[in-house]
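These protein sequences, in sequence, are chains A, B, C, D, E and F.
Going from the first sequence to this note's numbering is simple: count from 1 and add 1206.
Going from the second sequence to this note's numbering is simple: count from 1 and add 725.
Going from the third sequence to this note's numbering is simple: count from 1 and add 402.
Going from the fourth sequence to this note's numbering is simple: count from 1 and add 7.
Going from the fifth sequence to this note's numbering is simple: count from 1 and add 3.
Going from the sixth sequence to this note's numbering is simple: count from 1 and add 816.
Honestly, the hints are just simulated from the structure, not real lab data.
Since this is a predicted model, take the numbers as computed values, not measurements.
Be careful, since some hints might not be right.
[Unchecked claim] Lysine-lysine pairs mimicking DSS-like chemistry, simulated, CA-CA at most 30 angstroms apart:
1) D:109 to E:309
2) D:109 to A:1304
3) C:499 to C:471
4) E:309 to A:1304
5) C:471 to C:445
6) E:309 to D:161
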Amino acid sequence: MILGLYNYWIVVVLMMIGLYIIIAHGNLIKKIVGLNIFQTSVFIFYISIGNVEGGTAPIWGEGITLYSNPLPHVLILTAIVVGIATTALGLALAVRLKEAYGSIEEDDIQAMDDQKTDNKHC
Amino acid sequence: METILSISSALCLLIGSFLCLSGGVGILRFPDFYTRMHAVGVTDTLAAAMILIGLMLQGPEWIAILKLIMILLMTLFISPTASHALAQAAIRNSLWPLIDTQQETAEEKSHRTPS
Amino acid sequence: MRHTISLSIGLLLFWLLNSGHYTLMILSLCVVSIVIVLTIVHKMDVVDHEAQPVHLSRKFPAYSLWLSKEIVLSNVTVVKHIWLGNESLSPTLTTLKASQITDMGKVIYASSITLTPGTIALDLVGDRIMVHSLLRDNITALESGEMDRRVSRLEAQC
Amino acid sequence: MLAHLPILQVIVPLLAAPTCLILRKPSLVWLFTLLASASAFVISILLLQQVMAEGTLIYELGGWSAPWGIEYRIDKLNAFLALIISGVSTVVLLAAHTSLEKEIPQDRQTLFYILYLLSLTGMLGIVTTGDAFNVFVFLEISSLSAYALIALGKDRRALWASFQYLIMGTIGATFILIGIGLMYQMTGTLNMADLASRLPEVPQSRTLFTAYAFFIVGVCLKLALFPLHLWLPNAYAYAPSIVTAFFAATSTKVAIYLLIRFTFSVFGVEFSFSVLPLETLFLALGLLGIFVASTTAIYQNNVKHVFAYSSVAQIGYMIVGFSMATSAGLTATLLHLFNHALMKSALFLALGAVVYRIGSAELNDFRGLGRQMPLTMTAIVIGGLSLIGIPLTVGFVSKWVLVVAAIENGWWPVAALILLGSLLAVVYVWRIVETAYFKTPEPGRKPVKEAPITFLAPVWILVSANIYFGIDTRLSVEVAQAAAESLFGVSP
Amino acid sequence: MFAVVMLSGIYGLLSASFFVVMDAVDVAFTEASVGAGISTLLMLTAVAMTGRTEHVTRHKPYLAFAVVFVTGCLLIYGTLDMPYFGSPDAPSHQHVAPRYINDSMQETGMPNMVTSVLASYRGFDTFGEVTVIFTAGIGVLALLSVVRGRESDAEIETLNDSMHEQYLILRIVIKMLIPFILLYAFYVQFHGDFGPGGGFQAGVIFASAIILYVMLFGLGTARRVINQSFIQILSAIGVLIYGCVGLVSILNGGSFLDYSVLSDDALAGQHLGILLIELGVGCTVASVMIIIFFKFAERNEYIQSKNGKST
Amino acid sequence: MLIAATLAILVVMILAIIRGVLGPTLYDRILAVNMFGTKTVLLISLLGFVMGRPEFLDIAMVYALINFVSVICILRYSDAFGFKPQEKDS
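Input sequences plus hints: build the corresponding full structure.
The following block contains the structure:
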């Protein structure tokens, strides 16, 4: 049954939505939102890998024999932290960009930069 | 005893779900922001309480019951505060509610003129 | 001092009820944590009669029972009107006077108003509470002042 | 203590970073950073000696044995890379204190050093670890600090460059993460050695193919391989000079290391080169990179931009060597990796000295500098010659090896194209030389003094290394050869 | 823009619920506090600082669409050979994981396998994670810190009074809540061995209590209560605690982060080591989150004052 | 019964999202998010029971907390910057 993979496909679609937002949107904050969605979807992907049919949370309990795989959980915990670190830094950069250029639109910033280079003024 | 517990638990959950759904319908149907808040109020108070009580009656270990009670208390404690804060912010930023026009008094009219 | 003690007891209870593990190790960590929290909280200056309303504790259970009854009743009304549709609504905005003396009393009053579906306290400045209600009747009920009286009585106890 | 060297390599700079925050005073922090970096350098020398003498070192972190715990596995390639990174970092740091005076406000200097150390940690972590997921973690340490370091540049365009890098870098890292996830899914392990032994047993290859593809694309984003290089020139041009000198020499090298490690050790040559048309793909991209980037470099007006584009071109050379999938080609790649680190750090550091004096890196402002800053300009000229590949410089050695490898492979046209690429380098280097030596400065510009000794010393250390390793090629070639051969499983 | 940020917050909440369904309680815990909490919060702050307007015009998104389409197809293609979702005999559950599931209780004494893997088996990854968060803290500090003049106490007092008037209900409720949130953070910190939780989650919860305080009492008051340089040093100390546990185990003859040698009894050593490193994680995470939030808020204040002067 | 309750809550969550997307004002959106958060608390508690391991209620507690913190934050910001409800929100 090929449908046994449906879970992964949903995640892939989510991932691609995130990726699309990053590439296609010019607004810097939206790009970071997209980045977040993209990363979160990858987390979901990992957690799906760790899932075991009929298993329970990997915390030892009386009389439970089947647990889900704890390793992806650990990896994702780390990855979530990495994600928030990137988000924080990205937002800090966006704030500084707004101060420096007065805009957080990719096009505006790019246009201002090009202009500056044309004038050869540094 | 067992059956009484499970029946009453199921009943609580059922009522809770119904209230919850009503609240959900309310938030879609009601005409403006303030009226929608009332609908949310339903789901936050009685519906939450019913569901949580229903869970308590499922007869888990006492520690889970205690935690459920704590969640319930917290919901009851936090939700009016959050709604109040929300309403306060809305009214201070001059979002005026739809008022039942037939019964509108002179005092309320004065409210609507932006100050 | 009174408030610090009551807060520590509250915190201790909170920990013990949550924890479920009563080894020496965890208990000593519990004590350490509480001491740290108390230090921080004192530095923040948030421990006072407002945050620790010990003086209300005796009368509170009775009030909360009454409040629960009110909540259930008003829930039923609101749900009825949700299914009845928008035509049945008569949203109203009024300003009520809160007769409580202390800030704490006013807050309890305002929160109780919000907690009962159908009425929301929009703003609380001085002793004026701005209330929005779903139905005309809700306001009439509030204006009759039963809740106001009960809260005042609650506060008057100390 | 010798047994703990592999971990100390990473831990020393890592722990030095938070300690800096406690020390606070910038000059003290600078000394401390220098000390930490120097000890990392010493450790890497010791490690390289140990590895050359005894073979691969294995260090089990936390006392858990390999696939369960994280393992450090130092072979010749790792030790070689660690040596390059910590060495360049130490020399560059010598000039940092002077350079920062003019480029970064007093209250940020401590933070700068902390970020610098963290970035060093990240790179060292990537090259020493033997665990696939650990690579991702350290990759993020190095990239996050890189974003922040680049954004510290004075020009507001530094912010924009940093943001672009952040977006590209994070997409790259997430792709790598997906790749690692797929590998884990198919093998159940994260340890590289274990992966290498289990991957051939996995029957289906569609998932593995995807895993490899994602990993490669992710790494190539970090690597600034030709069509994905857009973030690099601006990032290098607007970052503080010290950062540029350090990154130009190291950060893309780390990405190349990852590419080599996963292609050759983890997936194995047969697999990698059979599932993807790597040979043609990388050859084409590498050559295109060389030509497009070199041509763009010719038209740049900012000298930092010129050398940044030249870096993209040099990456092209390394990729060409890589695409041959032979031991000789790989040796050329590794050798060029080492030599390019020497050239670019020397060049960018010398540029830093110029920026320190005249406050800009625009080509027009270079007029007359040949006479006013003779030592610095000589260093730039020697670096430029090395970039072109004139005999007696390191650039010649690696190009020679590369051309020989191409010919051995029977790729005559490629060899010719490589030589042609060098001609383009002549053009852009000549433009700088011409401006600096044969044009008179704008009238009315104040005469410029020679750079301070704190700048000249590290610049000349690097320049002499450029010449020394150009003449005495035993050390670099021997190590590169040994590393390349060990990757192909041939003992010399 | 607000809508976008909020939807991403909702996405965080949803994915966290999904993690619960997938048995990843620890991850759900973290995602709840991070994805739905801190990151949404930071985004809101950033949106508030950069403005909500946005260009509608976009140049052709065909290229983006093509890239996304190709990547998506590649991934779908890659999943075709994957073991079915939830299948217990997938290779990922066969090789390394069984040891964690079966033996971690004997080897580390932790009922929560995630904690034992996180802190002991793969303790070095976690060290890297702490460093990442530390790096982010330093990076934000380097990007956003501003030089401030001293504020007078009187100013803060008047601000406080107006706050008191305006947000009576919020103020009282939050005053009541803060001690409990703080204690809850400690509870989560120390119960990571038994249930979901641990240093990272605790740090975030702790920071959220402080953020709540800042929100309500204003930056000025908060700065008086929370000494900024102390917080910065605390974030460094967290990393150092972690590293020093590793160094001590080297000195005791084990390898880096080998907790078994910390005490005569290997299990007790593991316990002690995990407790200490979780403490280090908690320290760093809490202080870095506070730093990040403070820097954003201060920058905001700074921009506002600058704008105020120019107009 | 547990399943039924879970489904009901999921439906309500979807309704909340619809309201969040529809808006029309900023406050409607915040309201929807807040409601979504409280429903998540309930959902998590329920899920713990559905899956037979009810000891993980801590997560629900954290949700309640975080939800509160973020709502307060949203409000403080919307207050401080005086976002007018008439403003179009993108």
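Hints the structure violates: just list their numbers, smallest first.
Of the numbered hints given earlier, the structure breaks just one, which is hint 5.
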